[in-house]
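Enquirer: Let the hints inform the model, and build the full structure from the sequences given.
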Amino acid sequence: MSNIEIVRKYGELIDNLSRSIRRQLTENNVNRSRDDIRVLCEDIFFENCANSEVNISDVYDVIMNIYRRVVDKYGILSELLEDPSVNEIMVNGPWNIYVERDRKLEKIDDAFLSESELEETIRMLASDVHREINEANPIVDARLPSGYRVNGVLQTIAINGPILTIRKFADEEINLERLVEYGSISEECCEDLKKYVRCGYNVFISGGTSSGKTTFLNALAGEIDPSERVIVIEDSAELKLAQIPNCVHMECRGANSVGKGEVSMQQLIKTSLRMRPDRIVVGEVRGREVVDMVQAMNTGHDGSMSTGHGNSIKGMLNRLETMYLMDAQIPMYSIKNQLANAIDIFVHLRRDSKSRRGVVEVAELVGFDGSDYILNYLYITDVHGELVPTGNSLIDKARLELRGH
40 MSNIEIVRKY GELIDNLSRS IRRQLTENNV NRSRDDIRVL CEDIFFENCA
90 NSEVNISDVY DVIMNIYRRV VDKYGILSEL LEDPSVNEIM VNGPWNIYVE
140 RDRKLEKIDD AFLSESELEE TIRMLASDVH REINEANPIV DARLPSGYRV
190 NGVLQTIAIN GPILTIRKFA DEEINLERLV EYGSISEECC EDLKKYVRCG
240 YNVFISGGTS SGKTTFLNAL AGEIDPSERV IVIEDSAELK LAQIPNCVHM
290 ECRGANSVGK GEVSMQQLIK TSLRMRPDRI VVGEVRGREV VDMVQAMNTG
340 HDGSMSTGHG NSIKGMLNRL ETMYLMDAQI PMYSIKNQLA NAIDIFVHLR
390 RDSKSRRGVV EVAELVGFDG SDYILNYLYI TDVHGELVPT GNSLIDKARL
440 ELRGH
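Numbered by this note's numbering, the letters in the sequence shown go through residues 40 to 444 in order.
No lab work stands behind these hints: they were computed from the structure. A quick note: this is a predicted structure, and the numbers were derived from the prediction, not measured. Careful: at least some of the hints might be erroneous.
Derived pair list, reagent style DSBU-like, types lysine-lysine, alpha-carbon separation capped at 30 Å [to be verified]:
#1 K48 - K146
#2 K146 - K393
#3 K48 - K112
#4 K393 - K279
#5 K393 - K143
#6 K353 - K393
#7 K436 - K353
#8 K143 - K234
#9 K309 - K353
#10 K299 - K233
#11 K207 - K233
#12 K233 - K309
#13 K279 - K309
#14 K233 - K48
#15 K393 - K233
#16 K146 - K207
#17 K436 - K234
#18 K143 - K112
#19 K279 - K353
#20 K299 - K309
#21 K146 - K234
#22 K234 - K112
#23 K112 - K233
Expert: What follows is the structure in structure tokens.
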């Protein structure tokens, strides 16, 4: 019998005994080893009159389901969180748990007992990072102390039950050389991008969901001169710029239960301009904060970087225009002109059908001709899926020449 079938058949028993054991452990307030907790689970199971309901062949599986729910605070998710081969955990309601492992999606033979158990887990994850999730605020987006990114949605707005997504990030530092080894970028393009970062070109990284934008931004930011002062602003802190000693890292904060205390990315970008930054790195722009990001890039903070969701470089520019209009009701001509003056280099990433992530386009944003953007494509993907140079040279070479390149 599969583990999902065990949970469906004996869910009420597993839930009742799990709660009973957790109460005992809390009331006794004694640190027990994992072995002691497992023995306690076995003893309580066999002492319980309900064990007669369990087939002999299912006894071990039932006990293990109880044990896994009481031995670790995150219950059945603990094994997946500790598994280094798992990159992402996706829970679509209590009965459907998927993971991404070795770039492939697979369904796990496991399940939560009910919507309530799953929501309890989401609330616990949120409370661990001092975030609130309830009927008034049914969505949480947070970062665990381990650095894992958590998104939870309660069943009040999720039709197929509570939804939980946990994205894990590798402890090892992934630099551009490692991305070349992985085939995510060609060596020639890698060397060019290094020069652009070192010489202070403003770089914007676009791509779809889970295309590797944050990882690539982190690797690219690794080329920043350690002597510079860098301000990093993120919705949920994920970037690690360990090589930069003079680095200020700020994270957005959501409002509390009474709607107070919110600190938006827009506010953080504004305050960063008063911190004497050499560069500003914005984790991802999603809305009104794009106005402040563009102003920062246009006011002497050369070498600033950011990311955003888009299907292509041109599609990303259209999205940036839309986000700009959310905050500033100015003519489209002015918006296009400001974007063209702010961003120098676009890098677009894509995740293919085999979950391989990599650079598919690199273009220089030369300017705005009054009707459309002038894009100078430096690298594109050929018919074989390889990133190849177009043969075009960078048009704005002033900063390269200033640095001797």
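Enquirer: What are the numbers of the hints that this structure violates, sorted from low to high?
Expert: Violated hints (numbers, rising): 8, 10, 14, 21, 22, 23; every other hint is consistent with the structure.
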